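Colleague: So the chains spell out like this:
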Amino acid sequence: MKVLVIGHRGLIGSAVLRSLNLKNQEFGYKSKIRWEQTQEAIIDLEVLLSSFNSFVGQEKWAIIWSAGKGHLGSTYDEMETEEKLFQSVLRTVATWTNTNGLIGLVSSAGAIWSASSTALISEKSPPSGQSPYALSKIRQEEMLAETCQRTRIRGLAARVSSVYGINQDLTKPQGLISRLCASTVARRSIEIYVPLETTRNFIFSDDAASMIAQASTKILEEDGSRGQLTTRVICSRDNYSIASICKAVELVVHRKPLVVSKVTREAERYPLHFNLRTDYFAEFSRFEATTLVAGISTVYKEMLSAFQSGRFANLT
Amino acid sequence: MTLQDSIHTISVVIPVYLGELTLGKVVRELAQLERVSRSGSGHLYRVAEIILINDCGPDGSAEIIRQLAEQFPLVRPVWLSRNFGQHAATIAGMAASSADWVATLDEDGQHDPTDISRLLDRAVGSNMGVVYATPLNGGSHSSFRNLTSSAAKRLASILSGSRGPLNFSSFRLVSGELARSVAAYAGPSVYLDVALSWITQDVSAIEVKFRDELRHRSGYSLGKLLGHFWKLAVTTGTRPLRLVSLVGALTGVIGFVLAAKIVFDRVVYGIAAQGWASVFVGILLIGGAVLFSIGIIAEYLGIVVRSALGQPTYLAVRDPRSTPRYGWGTGEMDS
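Residue numbers (the working numbering), protein chains in the order written: chain A, 1 to 316; chain B, 1 to 335.
One or more hints might be untrue.
In silico contact screen, one side only, chain A against chain B (beta carbon under 8 Å); selected entries [as the list claims (entries may be wrong)]:
| no. | residue |
| --- | --- |
| 1 | H254 |
| 2 | L258 |
| 3 | V260 |
| 4 | R286 |
| 5 | I296 |
| 6 | S297 |
FYI, nobody ran anything at the bench for these hints, they're computed from the structure.
What you are looking at is a predicted structure, and each value in this text was computed from that prediction instead of being measured.
C-beta atoms are modelled at their ideal positions from N, C-alpha and C, and glycine is treated no differently.
Based on the sequences and whatever the hints tell you, model everything.
Modeller: If you want it as structure tokens, here you go:
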């Protein structure tokens, strides 16, 4: 299997690459994509895909799309650009003669089900998110499903819970664990805008990546999945409250994070309890190898080393 | 992938203090295990990385580590800013590990790398989280040191009240999940093996033959060993503090009882010496109250100590059935 990760510098993309890198000859990422300009980015993506196509030959392939600057608070315009780019990828790949491959689309489970009131959310739950990000991701999944059906390429919609790890882009309003660690390193206070009892599902980036890699490999092996879009929830076994995350950070760092709890009206837009689970737990549980404290410790050490080497200001 | 063809990956962690003469040989032996091998019980395993932690020893270890890192792609050096001691260095190595299992070895070559497969067999065979290798031949140290070492461990076992095997040794195989969790929370003055015992009871030990040390000078002086013991005694928990509070409470109670008796004697029989009764009652009451208060303070201190050492309330892990302990290694055959 040959793999192309689009967005390979990001939190999930880089981890997917690490987890696949061990067993695959890797496709070199020589060209840079000019994400800032839509038209240029589309051209760059075409170039990238055509060189990947010739690299693949007649082998099985997988393209994982984990790019995009979109986040829960993105506007319609920002998401429209991302949608266009993803569509251009689908259009290009649809013309390939080798259809024995898979396109994976990574999205945030928290956004897609943000308005769900059920106690437990799994693959079968209908999407409920109303934010521009959620609506756009659901549209992208529909586009992918349509392309799969037309071309017999396989599709994977990986809806990922709150991912944490190194390489987190802290310019986006996300990354609670990274921010907590950064605040303890710099001895700064951190403002949290949701109630501390809010529960979320946190998964370490490398574990999430191994699960995405596992799901991709498995789907590629099955002939029945050709032309289908398969949905998988990528999440950990346990859901944690924000308060218990703060406690875990304290256990690792041996110092209390200076949390300023500021609950705003805006926080009401987010569900208080968000309990995710996957129906494919038996398949995935093997890959949840990082305990919460071990994951937090990795993030904290990365922050500390950034602080020591003077890269900290760029990170936060 | 099936259970039979899954490969156990192993991170080898070697804290290096005095390794100038011996480290090269150890690493070369370990590098032989990079390709997939089969253990005695038929488990596939391979050494995925060798983490050398430079603990700033007085000899030329640092240069050797540099050379080895260049020579073997498997070797990953970790540089500590100063000498922190073997346990701190081992914890640093565990934190940097990434494989299914973490094996810790000394740099002096007395631990035979091929014994790692025997540790693995025990770990997978009995589903253990930690397996120690204890010396079959009493190690290569002097009998005085062996005696004091075993006495220290016995004392630690009494102090900690643990019933598990206290066959601690620096040659151990720990499940990656546990090793990295321990590395995450263990506080600065923690005895590593005690920290491991906080989160797992699946501890076992096997006897292996330790080789003669290649070097002649031990990195441990008597003073350092005593320091080591003290760390062990202090981190084994709050039993010593509990002892203080127990003594406090007991003497407090005895003091009150004796005081009551003296008062009774004074009133019923009368005591010849003027002032004796009042002075003694005073001393006993005040002494009892002081010791009792110290006992209460010791209880509070115990709570603080536990959290300062980093003992977690609990640790959530995967279902053990889907971990390497039950045979699931994450390594795969190179295709």
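Colleague: So, against the hints stated earlier in the document, which numbers end up violated here?
Modeller: Violated hints: 2, 3; rest satisfied.
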